[in-house]
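Residue numbers (the working numbering), protein chains in the order written: chain A, 1 to 343; chain B, 344 to 686; chain C, 687 to 1029.
Watch out, some of these pointers could steer you wrong.
Not the full set, but computed from the structure, chain C residues with beta-carbon under 8 Å of chain A [to be verified]: (1) Y829; (2) R880; (3) M925; (4) G979.
By construction, these hints were calculated from the structure, which means they are not laboratory data. Computed from a prediction, not measured in an experiment: that's the story for all the values here. Quick reminder that beta carbons are idealized off the backbone N, C-alpha and C, glycines included.
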Amino acid sequence: MQIAAKEIAHLLGGVLEGDGEALVDHPGKIEEGGAGALTFLANPKYETFAYDTPASVLLAHTDFTPARPVAASALIKVNDVYDAVRVLLGKFNNTMQPSNGISERASVHPFTTLGKGVAVGIFSIVEEESKIGDGTALLPQVYVGKNVEIGRDCIFYPGVKIYDGCKIGDRCVLHANVVIGSDGFGFASQPDGRYSKIPQIGNVVLEDDVEIGANTTIDRATLGSTIIRKGVKLDNLVMVAHNVEIGENTVVAAQAGFAGSTKIGRQCRIGGQAGFVGHITVADGTQVQAQSGVAASVKEPGTALYGSPALPYNNYLRSYAIFKKLPEVFKKIIALEKKLHQK
Amino acid sequence: MQIAAKEIAHLLGGVLEGDGEALVDHPGKIEEGGAGALTFLANPKYETFAYDTPASVLLAHTDFTPARPVAASALIKVNDVYDAVRVLLGKFNNTMQPSNGISERASVHPFTTLGKGVAVGIFSIVEEESKIGDGTALLPQVYVGKNVEIGRDCIFYPGVKIYDGCKIGDRCVLHANVVIGSDGFGFASQPDGRYSKIPQIGNVVLEDDVEIGANTTIDRATLGSTIIRKGVKLDNLVMVAHNVEIGENTVVAAQAGFAGSTKIGRQCRIGGQAGFVGHITVADGTQVQAQSGVAASVKEPGTALYGSPALPYNNYLRSYAIFKKLPEVFKKIIALEKKLHQK
Amino acid sequence: MQIAAKEIAHLLGGVLEGDGEALVDHPGKIEEGGAGALTFLANPKYETFAYDTPASVLLAHTDFTPARPVAASALIKVNDVYDAVRVLLGKFNNTMQPSNGISERASVHPFTTLGKGVAVGIFSIVEEESKIGDGTALLPQVYVGKNVEIGRDCIFYPGVKIYDGCKIGDRCVLHANVVIGSDGFGFASQPDGRYSKIPQIGNVVLEDDVEIGANTTIDRATLGSTIIRKGVKLDNLVMVAHNVEIGENTVVAAQAGFAGSTKIGRQCRIGGQAGFVGHITVADGTQVQAQSGVAASVKEPGTALYGSPALPYNNYLRSYAIFKKLPEVFKKIIALEKKLHQK
């Protein structure tokens, strides 16, 4: 795909300077982009590259006043560089477009309901009584169990596994080897030390516009549903236990984990490798630093937390600042003891 | 399935109050259950729901004396509510019952030994010289390598991968995308900075009644076996390295990890995201708090640990209590220094 | 395979004592090995086993002078026991040798380029425009997307998924259910609280001699490439985010994670469950203790780090030593205050 600078300016509602006919056919990083590249200056610390980048078109913020001429043939100024980049990347995006239609080498049970334009890839399986909405694509080697409901315009990458009875909303994206609906970790300890399995007969519900990273696992509820609300984004290798609920538009970085029955609010931001104990409630807008361990309910919306067990963010940093100098603090105390003893 | 209150009371050895003919056809949460629901009061903090729940049957503890009449048609009192629920959930459980028989679209090598009633799902593979015991079900898209031995009445969910030479006991449950027998992480550093692979020629042995959560990985031994003893339960995304041994009836929460050659005792309880260094021995009944890092052998059975590196549980809490107020502690010291200087 | 002690001594350039005709047919642990076993004494704490092991051949270090006669028929002394073991294990290694050739039940697009001796296992898929070098083996149930380039003599275990456009070097080993090229976790927050996906149009590049553990995930770059340099070894369940670069011969233990755009140097050693924030640069030879959180760039090569956020290794240990006795330190301070008040 080739696109001219003037078309880009028009598309973004930006202001064009330089050659409106300059053509680009791929996006590039500002320090690397060559002829035909569309590049951008979003972070001021890269400004020096702006003057020398041999890219054809440079996007920058409305405020950007070049100290000297830029090398690019055209400069386009926009109000929000990141958002402009997002829009343009979508134009160049052509990864993983699934073929339409049902592969002859897929296995689709006759008692299923498939919408218009549904794609089911090679060696994928859709079990009986499942429903798939219009325009949804299952790439190869996907497994969809019985009585599963999937909305429209979803994309499931290779190796996704959906257990029986789970429900997926519209426009959900599930990356490779995601597991939805595996049994919750529920066992009752017996007098002889063994653990008996507690049957897990609930399901998992993903609402609309949920995206889930590769190899993430979401367990089914013991009873009822594990619920991932509208617009939630989970990164790779995240663990969501049985009966958890994650609120609308909450984002969770990689390798974080949520123990059973915990309820996370809306618009939270959870750092990588953070953990949550079970059976707590976390307020809307909570921000949790990476590797923190949240061990109690969070009542105040917008709280920022850090540490394991987690403290208010600034308190943790202040305590940790003293932790760093504990050896010298300890020396001070010994010196004080000595001095006082001498008096 | 429909079942009457009096039958439930009989099944559980409970005491029935109210309408013995009340029918239930599904279990439900106490705050949600409607007509036909069987619900339960296990945690006293939900007691208020007990009076209003429109469920048909309510299970409660023998000690429960309603402060006012319950809304349910029947109340059944039992000695152990959780265990009663476990038994009843099993009655209603109908998820993931694999079809019997070998799918025509599975690939089963002719030189294999399959017991009675073995199921092998679509696109699953069983390689040569492997043995599968009576009643074991491989769901779709499972891989079983060469010379693998699997006991009876196991269930492997879609995407499970078993490398060559591993041994699985009876009644084991492996959730989706579990990997058993991948190479241990063994490399010998060379003078030029490169790492040469140390061949990993051991295997993995799972004894009977082991359950393993989705996307968990257990590496084969360099030499000998990585061993998961009878009754062990591992949650999702757990890492077990080469030559580790995990003792009978130990339970491990999600995302915990065990480095090479470490030996964990029986009846231990390991929290989520906890880590163990390699080459240590951990006594029976050890309890490790989530996110802790166990860096040394644990000799005393029943020890509780917390922190990274892990300390005795109460010691960690006591130290952390002071850590929280380190900034004010530090101020005290500065004040003392000043005061002493003035004298 | 049977091999005589004298042949082993010759192969390793070692010194033989005892019966050069003693035959071995398998390696064994020193505390277990029986007749026909080749065993080794690498760690002095196992020396007592050396005298009693009924193995046929015992390998030991040149310095080893038996205090009393060893039970083995032959003793071979070498300069580097571990390296000798590595060489010998390779001799006995016969796990997972893939069948040659393209399975009739694989799906290989006609517009692909396959080198000599390429194996593609049952239910594996190679999409259009992909290239696979000589001698590379895809075991069953592997997925290779469009426009993927794979070098020679690689081995991909069952369930590996490679997204479109990624590039893999020579002699790479990818364990079961590894995901390469899933989308980076990039979302732009919108005024109404929703997150819009930023298209991820870059790829992942693995250079030569990379080994990746089971269920590890490496995300594609937003733009450009996520790069894993020559000789890197990643353990299981590791997370590598978009645009990360990991330098030559760096080794990373299980469950560690790297946030977006971070650049790790060469010859680093990263412990299990360690985490790195995004957009930092970590010097060559950095060593990071397990569970540490690296929150800032590391400039000095060879730095050792520990803690979350990470401190210089010894500083963390010194501070943690005082942390352990904080309760008594606090008592000292209270005592000082009291005493000073009395004066």
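To see whether the hints hold, each was checked on the structure:
no. : hint : result
1   : Y829 : holds, 4 Å
2   : R880 : holds, 5 Å
3   : M925 : holds, 4 Å
4   : G979 : holds, 5 Å
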